[in-house]
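Residue numbers (full-length UniProt numbering), protein chains in the order written: chain V, 1 to 303; chain X, 1 to 303.
I should point out that these hints are in silico values taken from the structure, not numbers from a laboratory. These numbers were taken from a predicted model, which means no experiment stands behind them. Just so you know, not all the hints are guaranteed correct.
Note: identical chains are not told apart, hence a pair may lie in one copy or across any two.
No farther apart than 25 angstroms at their CA atoms in a straight line, the calculated lysine to any residue pairs in the SDA-like style are these [unchecked claim]:
| no. | residue 1 | residue 2 |
| --- | --- | --- |
| 1 | LYS93 | THR222 |
| 2 | LYS93 | LEU221 |
| 3 | LYS93 | GLU218 |
There are 2 protein chains.
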Amino acid sequence: MTGVRPDWIAVDWGTSNLRAWAMTEAGEPLAEARSDRGMGRLRREDFEGALRDIIGDWLGGGRMPVLICGMAGARQGWAEAGYARVPGPPLAKGLTPAPSGPDLDVRIVPGLAQDDPPDVMRGEETQVAGFLALNPGWDGVLCLPGTHSKWVRLSAGEVVGFRSFMTGELYAAIAAHTVLRHSLAGEGWDEGAFAAALTEGMARPEALASRLFAIRAESLLTALSPAAARARLSGLLIGAEIQAARGWWLGERVALIGTGRLAGHYRAALAMQGVDAALTDDTAVTLAGLQAARREQTGERGT
Amino acid sequence: MTGVRPDWIAVDWGTSNLRAWAMTEAGEPLAEARSDRGMGRLRREDFEGALRDIIGDWLGGGRMPVLICGMAGARQGWAEAGYARVPGPPLAKGLTPAPSGPDLDVRIVPGLAQDDPPDVMRGEETQVAGFLALNPGWDGVLCLPGTHSKWVRLSAGEVVGFRSFMTGELYAAIAAHTVLRHSLAGEGWDEGAFAAALTEGMARPEALASRLFAIRAESLLTALSPAAARARLSGLLIGAEIQAARGWWLGERVALIGTGRLAGHYRAALAMQGVDAALTDDTAVTLAGLQAARREQTGERGT
Chain V
1 MTGVRPDWIA VDWGTSNLRA WAMTEAGEPL AEARSDRGMG RLRREDFEGA
51 LRDIIGDWLG GGRMPVLICG MAGARQGWAE AGYARVPGPP LAKGLTPAPS
101 GPDLDVRIVP GLAQDDPPDV MRGEETQVAG FLALNPGWDG VLCLPGTHSK
151 WVRLSAGEVV GFRSFMTGEL YAAIAAHTVL RHSLAGEGWD EGAFAAALTE
201 GMARPEALAS RLFAIRAESL LTALSPAAAR ARLSGLLIGA EIQAARGWWL
251 GERVALIGTG RLAGHYRAAL AMQGVDAALT DDTAVTLAGL QAARREQTGE
301 RGT
Chain X
1 MTGVRPDWIA VDWGTSNLRA WAMTEAGEPL AEARSDRGMG RLRREDFEGA
51 LRDIIGDWLG GGRMPVLICG MAGARQGWAE AGYARVPGPP LAKGLTPAPS
101 GPDLDVRIVP GLAQDDPPDV MRGEETQVAG FLALNPGWDG VLCLPGTHSK
151 WVRLSAGEVV GFRSFMTGEL YAAIAAHTVL RHSLAGEGWD EGAFAAALTE
201 GMARPEALAS RLFAIRAESL LTALSPAAAR ARLSGLLIGA EIQAARGWWL
251 GERVALIGTG RLAGHYRAAL AMQGVDAALT DDTAVTLAGL QAARREQTGE
301 RGT
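Please build the complete structure, drawing on both the sequences and the hints.
Structural data, given as structure tokens:
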């Protein structure tokens with residue numbers, strides 16, 4: 001018995017992780033719980049149990065509203081939550097109910113889709129909504145580094161367009177599933193190698209496959225350090241993304257959403273291009289976004 | 001008892017596969033054997049047994065010379081065979097003996113290394129030597145598509161320089177270990193999608209991570225066919241390589257070494273740039289290369 005009695009529960013359910021917060025009506029987190037049971041390792045019928053395993057202590061006081069963003073709303077998720085189209089507000093109306101026991105009222109936030117070029121997001125729309133809730137009237141470009149990095153153009157409270165880059169997933173697949181795995185093992189980070197590779201990745205992105213093999217060759221021939229090898233892989237990939245996203249940051253107001261090392265790398269990469277991107281914590285914007293969805297939900301109910 | 005009594009045995013031992021041929025003194029294959037026990041799945045002490053398992057029928061007539069090219073000579077292989085430096089002939093002298101029972105005389109061909117930019121090959125040097133043996137005096141550029149594609153400049157019987165691209169390994173890692181795996185499953189090939197992606201990969205290689213995610217988005221939004229998705233992934237990656245290798249094929253005499261679909265894709269890609277690259281079978285050049293190494297060995301012995 002923890003004594004935590006939330007007004008509602010906020011949930012961010014990604015491919016790899018599940019996080020839940022016990023929330024007050026005003027949007028303050030009272031407690032947090034998490035597990036590694038991401039969408040990627042669950043069958044549809046396992047979602048409710050996985051959630052109950054971490055929020056069970058907060059239940060018992062009547063039917064509990066639960067708002068979920070992220071991959072739990074994908075086709076392979078708990079309940080498919082569809083996509084709202086851009087241009088439009090980041091949080092479309094129309095939460096999707098997910099089947100559960102009668103003591104839970106589970107709703108999933110829809111993703112966003114763009115027709116041309118084809119693109120989708122699921123989870124980031126809630127972060128964008130949260131960023132706008134924390135920064136009312138903000139116009140400019142948001143960059144959300146991650147497994148599938150997003151660049152999002154905002155104007156007048158709406159998402160005008162966005163672009164996804166598989167940069168983080170490429171890093172992970174190359175590091176774990178190519179011959180480079182022998183060169184990357186260990187710890188550490190070589191800032192100079194990152195900066196040089198970033199410049200190289202921007203200048204000659206077509207040479208990626210060759211520069212990657214050169215990392216392996218150099219570690220065989222001259223014992224290149226794993227710290228330099230890792231920084232070089234990251235710099236080559238992020239450099240190509242920064243180059244491709246040039247139209248998104250050049251002369252624009254840019255804000256970064258993220259935490260930790262990856263967001264720092266993007267910040268450094270943008271700073272090398274003369275862009276001073278403010279960094280906003282991703283958990284803060286996720287909670288603000290789910291709180292905005294909750295306000296819409298209760299507002300709808302009240303009318 | 002097969003009745004096959006070779007003069008010597010030729011072996012191509014890669015990361016994934018092992019192939020052996022019973023050879024006459026003149027370099028004709030009498031029989032072939034193969035297994036899937038590539039270097040990647042063997043401990044050092046397992047190599048001899050893996051080889052005996054497939055060549056056992058050919059032994060019994062005295063001490064048998066065995067010449068091996070490929071990854072069996074890597075640091076994690078049967079015996080590390082070192083690297084000869086370029087510029088220089090593709091087959092350097094100095095075969096590395098591998099420990100074995102007294103009825104075998106096992107020697108491994110060294111790889112080739114380049115200092116600037118750092119690069120290595122192991123196995124392809126034998127194919128290059130074989131190509132030169134079959135085409136004496138040939139000057140130009142060889143392209144060897146594969147897991148780690150190689151572009152090799154030949155002049156006056158020597159390797160002047162070379163460049164490796166991790167293109168094949170990137171394709172495999174992305175197809176198996178990213179979200180694209182959901183979009184690629186199945187059979188078939190879309191030639192038009194390949195050509196379009198090749199052009200796109202050459203023109204905007206920096207957009208790779210974005211174009212990859214668009215494949216996933218398009219299969220979610222418009223049910224893009226797996227045949228088109230696979231062709232697009234291949235075209236984007238090969239397009240970037242062809243663009244980066246521009247200095248290797250533009251205005252040059254180019255020959256391709258390979259068989260099957262992958263070599264066909266490279267041939268089509270080069271043809272789109274106006275380069276008519278002749279295609280030579282990779283097994284033929286491997287055997288010709290090992291025969292050249294065998295001639296050097298017996299020649300050395302004779303002096």
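Hint-by-hint comparison with the structure:
Taking the shortest Cα distances, LYS93 and THR222 sit within 25 angstroms of each other only across copies (23 angstroms), while inside one copy they are farther apart (58 angstroms). With identical chains, the CA atoms of LYS93 and LEU221 are at most 25 angstroms apart between copies only, with a shortest distance of 20 angstroms across copies and 58 angstroms within one. In this assembly of identical chains, LYS93 and GLU218 lie within 25 angstroms of each other by CA distance solely across copies; the values are 24 angstroms between and 53 angstroms within a copy.
Consistency note: the structure conflicts with none of the earlier hints.
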